[in-house]
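Chains as they are written, first to last, in our numbering: chain L, 207 to 732; chain R, 432 to 600.
Simulated from the structure, these hints should not be mistaken for laboratory data. Treat the hints loosely; a few may be bogus.
What the hints assert, rightly or not - 25 Å max Cα-Cα, derived DSS-like pairs, lysine-lysine:
| hint | chain 1 | residue 1 | chain 2 | residue 2 |
| --- | --- | --- | --- | --- |
| 1 | R | LYS581 | L | LYS689 |
| 2 | R | LYS581 | L | LYS525 |
| 3 | R | LYS444 | R | LYS494 |
| 4 | L | LYS716 | R | LYS585 |
| 5 | R | LYS580 | L | LYS525 |
| 6 | L | LYS692 | R | LYS585 |
| 7 | L | LYS381 | R | LYS512 |
| 8 | L | LYS716 | R | LYS542 |
| 9 | R | LYS444 | R | LYS472 |
| 10 | L | LYS237 | L | LYS227 |
| 11 | R | LYS581 | L | LYS726 |
| 12 | L | LYS286 | L | LYS477 |
Keep in mind that this is a model prediction, so the values were computed, not measured.
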Amino acid sequence: MITREELNRIRESHKPELEAKLLADGIAEVKNGHLVLTGDYYKNQKRVALKNCGLIDPANIDDYIALGGYSALEQVLFEKTRKEVIDFVTESNLRGRGGAGFPAGRKWNEAYGIDSDQKYFLCNADEGDPGAFMDRHILEKDPHSVLEGMAIGSYAIGANQGYIYVRAEYPLAIKVLRKAIEQAREYGLLGKNILGSGFDFDIDLRLGSGAFVCGEGTALMESIEGNRGMPRKKPPRTSHKGLWLKPTILNNVETLACVPVIFQNGIEWFKGIGTEKSTGTKVFALVGKVENAGLVEVPMGMPLKEIVYDIGGGVANGKKLKAVQTGGPSGGCIPVDLMDTPVDFESLAKIGSIVGSGGMVVMDEDTCMVDIARFFLEFTVDESCGKCTPCRVGNKRMLEMLTRITEGTAEFHEIEDLRELAEVIAETSLCGLGQTAPNPVLSTLKYYYDEYVAHVRDKKCPAGSCRSLIHFTITEDCIGCTKCAKVCPVSCISGEKKELHTIDDSQCIKCGACLESCPKDAIRKE
Amino acid sequence: MEFTFDLEKNKEKILEFKGFLSDHKDMPGALIPALQEAQVKFGYLPQEVMEIIARGLDVPASKVFGVATYYSQFTFIPKGKHNISICLGTACYVKGAQGILEEFENILGIKGGETTPDLQFSITDCRCVGDCSIAPVVVVDEDVYAKVKKADVKDIIQKYSLEVECVDN
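All chains should be built: construct the whole structure from the sequences, respecting the hints.
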């Protein structure tokens, strides 16, 4: 257990050592008095939530302390009342980074105002959106920032017990967190009487068990309680009646990682980043068919184009950009002509997508948008908990329609049926999963209607991706080398040596092996 | 295919596990941690073990089954010696993960979620393992294979089959 003086002593003695090491190794450089990672990839980024990632050893609490860690907690515990902490966060306009963008300060204020013998503070680390790994990165590289954020929030609302609900699929993150909690306890930064302030707070881990819907607040609480993780109906809000029906605050990993940094640098600094309504930065997992895939943290409001081209280096393999999908299964696809859209909560909502937790999947001309809608629906149907009918049954019906469309067996009216059903599901589902599940369908219908029509009316997949609708043929360029016939797994290619070969379409499984083997590009896919 | 749980062979583990249950009996929300512990210990959740949990934590067996079957992490058949997880997250999917899954299924002759009868391999089609920047990703046991191509599948399986033979000899 350490005192405030010792905490500062560790910081002062360890900081020069860490700095010297990072500069000597060429990992970091000093920019405006702060250590930042070197390299072109980081040049256009603004790192707030990820500020320590890559700089510190996550297994060494002293590294975190050296770069200002736990100074915000100290400041809060000794210089601010609980109400002041809440007002501070409210004024910074920090909004939830988990998807919905609800202002953190307002949320905290709800729980603060309620008298209760017990309150809980939870961290949502059940990062389930496919194509997103921001939280995983923070947990693995800078776990203490999350612990500190939780401690600050708990002080504000008056909670003494916290839980981090983390996916079991992230074994390294779990290991790192366990170690970080242990170290924080050892230093007395968690536990009884933190830094001698009289404030008690401790954190336990709870492992998720592979249910996407447990990222939803009430489902997550059901799961911690040891039940099937099914959402509850609201109201009451969880800030009034949450875990074990006690006032509970749940914040996402990235939101919590921002909290200590805001206290260190001040409200004005934070509001100076981003836009008026969406302050600060957002971390995105820029993945898919992009040249430089990885995590990027940028100020809110940066045009999508800049993220994809200036940081991501554009589309991989010289292909043409077709869409950028944001917000995972709850989000939408943004077409090329809207690439100038600033990436913030309001602007993306306006064009039918969401910032969401930060997945950003780049898609090129080979990606079929109908198939992408089907892919997300398949995910939602798998993950629907089954409690409410619109989500349980409605999504299944939508998936069936989409499957028929991609197989070329749908009737034309099904496109409109699909839209109508999507709207009903969005309006009538119990929780966020069902309410947002139709988004990928609605946004692709809006921007790629032609593709739906091509599938249904012309029985063609313009991207050449839906297997039932593509056909392989051999052109006159064939030299009869027999390579394709040899690789064909179902032996449906015939022809004499040095003569034109043919493919029996009725036997063909559309695997594309022949296409890859042909030395003359004589096989056509259409 | 049917797999049977040998109570006699697992006698000691069961005893240990009962100890875990009595230690955690009073912890609120103990059921899921207990199921997770059981799966680590026994490799899967045989019916016998779930009944032990029901008695140990004093909750109805129906609730234990209900909770266990809800979460996709729990498995009711043993996993193979080598578990092959094929990520079907968005980034992997747009880069052809479905084809890779099918290749594994064809070569091993089992579907996603199943185990080969010789208990050597199981295939798990999983959602996003969070390695999207190196998609498509296949994870075998603890080994991560990045940017996997269909043509690599045979070699990956071969690598683990060889190990098996060496041990047998």
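For each hint, the structure was consulted:
1. Between R:LYS581 and L:LYS689, the direct Cα distance comes to roughly 18 Å. Compliance with the 25 Å bound is thereby established for this hinted pair.
2. For the hint linking R:LYS581 to L:LYS525, the alpha-carbon distance of about 21 Å falls within 25 Å, and the restraint holds.
3. A distance of roughly 23 Å separates the Cα atoms of R:LYS444 and R:LYS494; the hinted pair therefore holds under the 25 Å criterion.
4. Between L:LYS716 and R:LYS585, the direct Cα distance comes to roughly 20 Å. Compliance with the 25 Å bound is thereby established for this hinted pair.
5. Only pairs whose Cα atoms come within 25 Å are accepted, and R:LYS580 paired with L:LYS525 is accepted, the gap being roughly 19 Å.
6. About 17 Å separates the Cα atoms of L:LYS692 and R:LYS585, which keeps this hinted pair within 25 Å; it holds.
7. Using a Cα cut-off of 25 Å, the hinted pair L:LYS381 and R:LYS512 holds, with the two alpha carbons roughly 23 Å apart.
8. The hinted pair formed by L:LYS716 and R:LYS542 meets the criterion: a straight-line CA distance of about 20 Å does not exceed 25 Å.
9. A hinted pair counts as satisfied when its Cα atoms are at most 25 Å apart, and R:LYS444 with R:LYS472 qualifies at roughly 7 Å.
10. Between L:LYS237 and L:LYS227, the direct Cα distance comes to roughly 16 Å. Compliance with the 25 Å bound is thereby established for this hinted pair.
11. A threshold of 25 Å between alpha carbons decides the hint, and for R:LYS581 with L:LYS726 the separation of about 22 Å falls inside it, so the pair holds.
12. In summary, the hint linking L:LYS286 to L:LYS477 is supported, as the alpha carbons are separated by about 20 Å, within the 25 Å threshold.
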